[in-house]
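Student: If you read the sequences in order, they're chains A and B. If you're matching positions, the first sequence starts at 1 in full-length UniProt numbering and goes up one per residue. If you're matching positions, the second sequence starts at 1 in full-length UniProt numbering and goes up one per residue.
Everything labelled a hint here was simulated from the structure, so no lab data went into it. The C-beta atom is built at its ideal place from N, Cα and C for all residues, glycine as well. It is possible that part of the hints are untrue.
Claimed, not checked - Listed next, the stretches of chain B that the computed footprint assigns to chain A, with coverage defined by at least 3 CB atoms under 8 angstroms from CB atoms of chain A:
#1 74-87
#2 96-107
#3 118-125
What the hints assert, rightly or not - Not the full set, but computed from the structure, chain A residues with beta-carbon under 7 angstroms of chain B:
#4 D79
#5 A232
#6 L242
The chain contents come next:
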Amino acid sequence: MSGPDETGAPAAGGAAQTSPPPAAPGPAQETREEHGGGVRTGRRIRQARELGILLALVLLVAVTALVNPGFLSGQSVRDLLLGATLLTILAVGQSMVLITRSVDLSVGSVMGLSAFAVGMMFVSFPGLPTPVVMAAGVLVGTVCGVVNGVLVAAARVPALVVTLGTLYMFRGIDFWWASGRQINAADMPDGFLGLSRVTLLGMPLPAVVALAVVLAAGWYLRNYRSGRELYAVGSEPAAARLVGIPVDRRVFMPFVANGSLAGLAGVLYASRFGTLDATVGTGLELEVVAAAVVGGVAIFGGSGTVYGAALGALLLSTIDAALPMLQVGSFWQQAVVGLLILVSIGLDRLLALRAARRLRGGGTRGA
Amino acid sequence: MDRHPPPAPPLLSLVGVSKSFGTVHALQDVSLELRAGEIHALCGENGAGKSTLVKTIAGVHRPDTGHVEVLGEPTALNAPADAQRAGVAVIYQEPTLFPDLSVAENIFMGRQPLARGRRIDRRAMREAADALFARLGVRLDPDRPARGLSIADQQLVEIAKAMSFDARVLVMDEPTAALSGVEVDRLFAVARSLRDNGAAVLFISHRFNEVFELCDRVTVMRDGRYISTEPVAELTVDDLVHSMVGREVATLFPKQDVAAGDTVLEVEGLGRTGVFADVGFSVRAGEIVALAGLVGAGRSEVVRAVFGVDRYETGTVRVSGRRLPPGRPSAAMVAGVALVPEDRRQQGLVMEMSIERNATLTRRWALSRLGVLRRRDEERAAAEWAERLQLKAGRLSDAVTTLSGGNQQKVVLAKWLATEPRLLIVDEPTRGIDVGTKAEVHRLLSELAGRGIAVLMVSSELPEVLGMADRVLVMHEGRIAAEIPREQATEESVMYAATGQKGRAA
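Modelling step: build the complete structure from the supplied sequences, incorporating the hints.
Tutor: Here it is as structure tokens:
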């Protein structure tokens, strides 16, 4: 729920620690004492989750750098950040969907469709300005998101089923459109392809975009009513209805946002790799969900932050980059990712149990 | 306390409201007026329609006929948000919190105080929550998540939430069930100050002393109908109980007289922290023993523990003299115990499976040969039970969802009776079943007892308890408050024990 403050949510900066003690310890004090014992525990635990990933990340980078000092060279770090960009953007969108107790499995296909659309536009309308084409690519993703959202929120079909269907549907459209064709770097303007090489304050431009996405989404989820209502809907849909939250709209919105972000990822993919066919982004959806889950976004909704999801994406990308340098075979990479998912879910469970015990304080009321 | 002169329209009123769910008439032509500056009690047995009425006021249910008036104007409350706009705040019987969110967010969800740029002002929100808790005189950390709060603390959060609305109409559906004495006093103080500021409070409670202490008028409901509204000052507890239950025990119950045989079930000192304590009783062959009490008294929990679905910490359960290992339903089944659960849709049936499959589910091993379950054997076994229970179904291969509630219940019964149990535990056997089928289920239970099966029945319906049971065990707040033999069991004696009125139970 609460983002780590260093990631930039100034509104809350340390307020938890400085808030005044609750007023008026009345005669009911003794009955409450045991519950008051767990004061602030919840907040600390939730922060611990994101710190844990950060720690794992630092550890991994440190070990890899010791073995292979080249890992921390400027170019290597830039490559790493660039590599993490797509996964991070997708993980942010996926987190918003997961928080409302849905899931979007179609992101890989949406990204692929958007990337191919960008390529086709450059091929078919060479005169179009690059920004227009990029906006169109995002729009393709948005439309896909609207399709998902309408099916889930209005037709009330479970998100797992809807997005499994659209996963194949969007991919099918992509195949039909491409019909075996491949678009190459030569078909696209140099200005567009060069975007990945532009740096801002030493960071590749796409990574800056990803960072902006993370911060904006995190800021929104934390500080706006509609953002908080996404958590409410995911935490307990029935209760959300009772307090008058427009549940359907809150379920719909993240799908659209996620579609747009998948569209953006498609645009960035096209710019970075320059070679596009109908298979772009195949199988990416599970990696995206994995990043969010490793980052502490609960698969059953209601908790987690996009900061955590972004850290999860960064961690998975770093593992991909680091294991070859550590001479670990590619066969083991997937096993390591799997282990990481199990460890992080196990850790969540453990933390939740400990928190529950502490928060409950052992005080059950008399029968 | 000053009464407004009659011309002032009531803050909120229900006019001739009816509401049905399928064949069950939850509300029939109910009218109710909530005036400014009064605390209005709503009394009735379990199932009298109080919660449906609350949900109608809250905008959760839309009335089938009749309408809601706010300040004398007919107003459609189609959604909880409409009711909130009309100034209605509701404290539900079951807390409705977001476990993942902080206490302060739970209170202010959708109405968080805003700072510049429509940003949520967390500091203001926390301070407002602290102020609410100070008014209630409790210490709760607004920043902690709602997950892990005790039931009482959850209820306090609900109360704080309702207070934060500055509502003109506050509805409290059994808010005190989980609270301690001090907390109840604080809540009452808050309710009185709301009333003195011109709000109307609708207060639902099974505790008569609270009704008499706090309320100005009381409306009684029974079987979904409006019975009466009277000033509390002109009533006694006896009057109130009488109008709540006042009807003849229906002749709906074909109870056979059976000479009780050997003791089948013996429960001693059963306890689980915070749920039930020191529960001891026995059931003999051929006997129907009812476990009565209010919702939340711990009845279902006790029978679930007896069957081994739930754990228990102290005590023993013996069936025919042999001790059952705790927490092992399979052992209970082997010992001849069958449990027909309260919620048949979720726990008793596999809704999408066919009737015959459901009916033979407990005997799938006995019916199979060499591990293969043959369809023909299933069909024959199911057809036999369908006939014995007079099941009204199209085809036995249809999904269970196609059946009415009463016939679904028969399938559950068939499933368990097929195991030839010595002890049959039924939890709310006729909930949500139409009157005709109810009588059939009762006939069936009575017949089973006649054949020497020990029956333990959890029921919230007093007529059913009185009509069917040889003995009535009344639970109150996790303990057995009274054991009343059939001859002495009356609606009054059971209600007194169930509401914890000491010394008046028979």
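Student: Which numbered hints are broken by the structure, listed smallest first?
Tutor: 4
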